[in-house]
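Engineer: Which chain is which? The protein sequence lines are A and B, in order. Numbered by my numbering, the letters in the first sequence go through residues 1 to 400 in order. Numbered by my numbering, the letters in the second sequence go through residues 1 to 278 in order.
The set of hints was computed from the structure by calculation and includes no laboratory data. Among the clues, some could well be false.
As the list claims (entries may be wrong) - Facing chain B, according to a computed beta carbon distance under 7 Å, are these residues of chain A, among others:
#: 1; residue: 76
#: 2; residue: 100
#: 3; residue: 103
#: 4; residue: 104
#: 5; residue: 109
#: 6; residue: 113
#: 7; residue: 115
#: 8; residue: 119
#: 9; residue: 129
#: 10; residue: 132
Note that the coordinates shown come from a computational prediction; the quantities given were computed from them, not determined experimentally. In this text, a Cβ means the ideal position worked out from N, Cα and C, and glycines have one as well.
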Amino acid sequence: MSKIKVENLYKIFGTVPRKAMKMLQAGATKDEIMEKTKHGVGVNNASFSVEEGEIVVVMGLSGSGKSTLVRCINRLIQPTSGNVWIDGQNIMQLDRNELRDLRLNKLGMVFQNFALFPHRTVVQNTEYGLEISGMDAAVRREKAMEALSLVGLEGWEESYPSQLSGGMQQRVGLARALALDPDILLMDEAFSALDPLIRRDMQDELINLQEKMQKTILFISHDLDEALKIGDRIVLMKDGAIVQIGTPEDILTNPADEYVARFVETADITQVLTAETVMKKSEAVANLKTDGPRAALRKMKTNAISCLITLNTAHQVVGVVTAEDCRDLVAKGERDLNTILVKDPVTVLPDTPAAELIQLIYDLPYPLAVVDENNKLKGVIVRGRLLAALAERGNIDADS
Amino acid sequence: MQIPRLPLGEGIEFIIDFLVDHCAFATKALSAFLEHGLDLLEDGMLAIPPIVFIIIVALLAWRLSRKKSIGLFALLGLLLILNIGLWKATVSTIALVLIATLIAIAIGVPLGIGAAMSKHLHKIIMPTLDVMQTMPAFVYLIPAIPFFGLGKIAAIFSTVIFAMPPAIRLTCLGIKQVPPELVECAEAFGSTRSQRLFKLELPLAMPTIMAGVNQTVMLALSMVVIASMIGAKGLGGEVWKAIQRLQMGNGFEAGIGIVIVAMILDRVLQKVGAKKRS
Ligand SMILES: Nc1ncnc2c1ncn2[C@@H]1O[C@H](COP(=O)(O)OP(=O)(O)O)[C@@H](O)[C@H]1O
Ligand SMILES: [Mg+2]
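Could you put the whole structure together from the sequences, leaning on the hints where they help?
Structural biologist: Shown next as C-alpha cells:
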C-alpha cells in the first residue's frame, strides 16, 4: 500500500468550477480557461503515489501548481475533484475533526517562508502541535527539546524567531514538524528562501535526518538540482499537470518532453551522475590466484588496455597489474602476479558523484575501480568513458 | 402627486416607546444596581487621601509606561487639579470613564472577534458601526433617559454606545491582519478555531486591540461634557455649569482637568500597547 496516493486530482480556483472542469477535460489550456471563464487551473488531473520511506520531489516552475497540489493532500485547499489516500484512508471523506486528527498525527508541514509565530519563543514554536494536541506541558517541552537538538538548535530555545537567521528559522520550522513525529512530511519549497550555501547544508541535513528517521517526504521545489539531490523520485509539473514521474536518472536520461528537457539542461550534471551510472560493469580483470602474466597480457591485448584491475578469489580488489610489469615477469620466467602487483589501488563507492570522479581520475594512470562496502568490484571507470558520459548531456567542462 | 411624508421619526419613537414600555423595568433595575456600584467605586476612590491617590497613580503611570516623564506628568497634572479644587469632580469623571470603558471593551472586543470570524456578523456589524459613529452623540442621550432615568447610568449608557466602535473595529482589523501564512500554518497543524484564535490571532492582534482600547477611552472622555447634560456630574458637569453661567475661567479649568486625565490615560495606554508588540 502506498503511503500517499493521489488519483485524478483537480483543483480549479473560482466560484463555479464546473464549466472550467469541462473545458479542461476537453483539452483546453490553462490560459484559455482563464481567459474564457476567469477560473484558474491549480491542479490538472494529477495522479501519483509516494511509498513509505521515500522522498518524492514535486518540481516545476513557479505557478505550475506545486503548492496547490501539496495543500490538497492535507486539504488546506479543498480539491475540486479526485481522491487522495493516506495509508489507504480516503481523506476526501474525512469530517472536520477527523481531518484535524490526521493533520496533527500524520502530516507535518514545513513552509517556504517558515511561518513561525513571532510572539512565541523557539521552543514554544516547536511545541505548538504538541500543545494543541493537549499534551502535558512538561512532556511536550521535553519532546520539543529533542526535536530542537535533532536539528542542531540546542541553546536557542528561549530566543524569538526574529533573532535567528533564515537557516535557523527553517530549522525551527522543521523541528516544529518533527516534534509531532508524523509519518509524513510535506515540505513546500522549504529551502527556497535560503542562501545557496545554507540551502545546500539544509539539503544535506535533511538527507542525513532521513537516513535516521525514514519518514515519507513530499518535497516541493522549483530547483532541479535540489530535486535531483534529495529526491528518490521526481514528479515534474507544468501548468497544473504532471508531465513526468521518475527517478533522477530517468528524468535526466529520458526527458519526457521538451519542457522537461529544458529543465534538465540547466541541471549541474556533475552533481547528478554517480560512479555507478558511468562505470563499465563488465571489464576484464586479472585473477590473482589463477592468472599468470601471460593470461593477463592476453586479456589486455584483447581489450586493448594497458593494465588490469586484479581481484582475489573473494572478488575483492587487491591491486593493479600493468602490461610492462607482466612482460618483465614473463622475461624472468616467473608467474606469480603478487610480485608485480601495485597494491592499494584507488577505489570509489557507487554513489560517488561525477564531480569527484573527475578530480580522481585526472591523475590516475590506470582505471578507477568501483567497489561496494566490502571492497568487491562493481565496475570500472575509465577516463574516456566518464568524459563521454558527461559530454553526452552537453555539460562538460573537462577540468571542472 | 405628492408623496406623503414618511413617518421615520414616528417609527423610531414607536419602537423606542415599545421597548421602554416592556423593558424599562429591567433597565431601571440594572440602572439602580450599576449606580450603586458606581457610587461605591467613587466613594472608595474618594476615601483615599488625594495625595496618596495621586502618588499611586503617578507610580502606576511610570511603571506601566516605563517612562519617568509620564509619571512626572501625572504627578504634576493631578496636583494641579487638586490645587484648583477639582479633585472630587475628577474622581467622579475617572470612575465614570473607567466603568464606561470597561463595559465598552467587554462588549466591543467580543463583537470585534465575532466580526472577524463570521462574514455574516461582519456584514451586520460594520454598517451599524457606521451609523453609530456618524450619529451626533447628543442623540444617544434622548433614549438613554427613559431607559435609565436621568443621571450617571444614562450617561454611561450613551458613553458606551459612543465609545465602543473603535474597540470593535480595531479588534476585527487586528485579527484580519494576522498574516495568512501563519493562519495557514495553524490550520496545517490541526488547530481548532478557538486554538487558532487564542494562540495565534489574539496575541498578534493585541497591539491593534490596545490601540482600539485607547481610542475608546479617549472617546469616553470626550463624551463626559455631553453626558453631563443628563446628569453626570464630574469634570463635564463643571464645564456644563460654566457654559450656562458664562464663567470662562471655571470652564477652562475644568477643561484643562479633562485634558490632563486624557493625556495620562493616552500615554500610558499607548505604551502598554506598544510593549506588547516587542
Ligand atoms: N487562492 C488562489 N486563488 C486563485 N488562484 C490561485 C490560488 N492559489 C493559486 N492559484 C493559481 O494556481 C496556480 C498554481 O499556483 P501554485 O500552486 O501556488 O503554484 P506553485 O506553487 O507551483 O508556484 C497559479 O496559476 C496560481 O495563480
Ligand atoms: Mg508555491
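Engineer: Against this structure, judge whether each hint is valid.
Structural biologist: Cross-check of the supplied hints:
no.: 1; hint: 76; in the structure: 6 Å, holds
no.: 2; hint: 100; in the structure: 4 Å, holds
no.: 3; hint: 103; in the structure: 4 Å, holds
no.: 4; hint: 104; in the structure: 4 Å, holds
no.: 5; hint: 109; in the structure: 4 Å, holds
no.: 6; hint: 113; in the structure: 6 Å, holds
no.: 7; hint: 115; in the structure: 4 Å, holds
no.: 8; hint: 119; in the structure: 5 Å, holds
no.: 9; hint: 129; in the structure: 5 Å, holds
no.: 10; hint: 132; in the structure: 5 Å, holds
The structure fails none of the hints (numbered hints given earlier).
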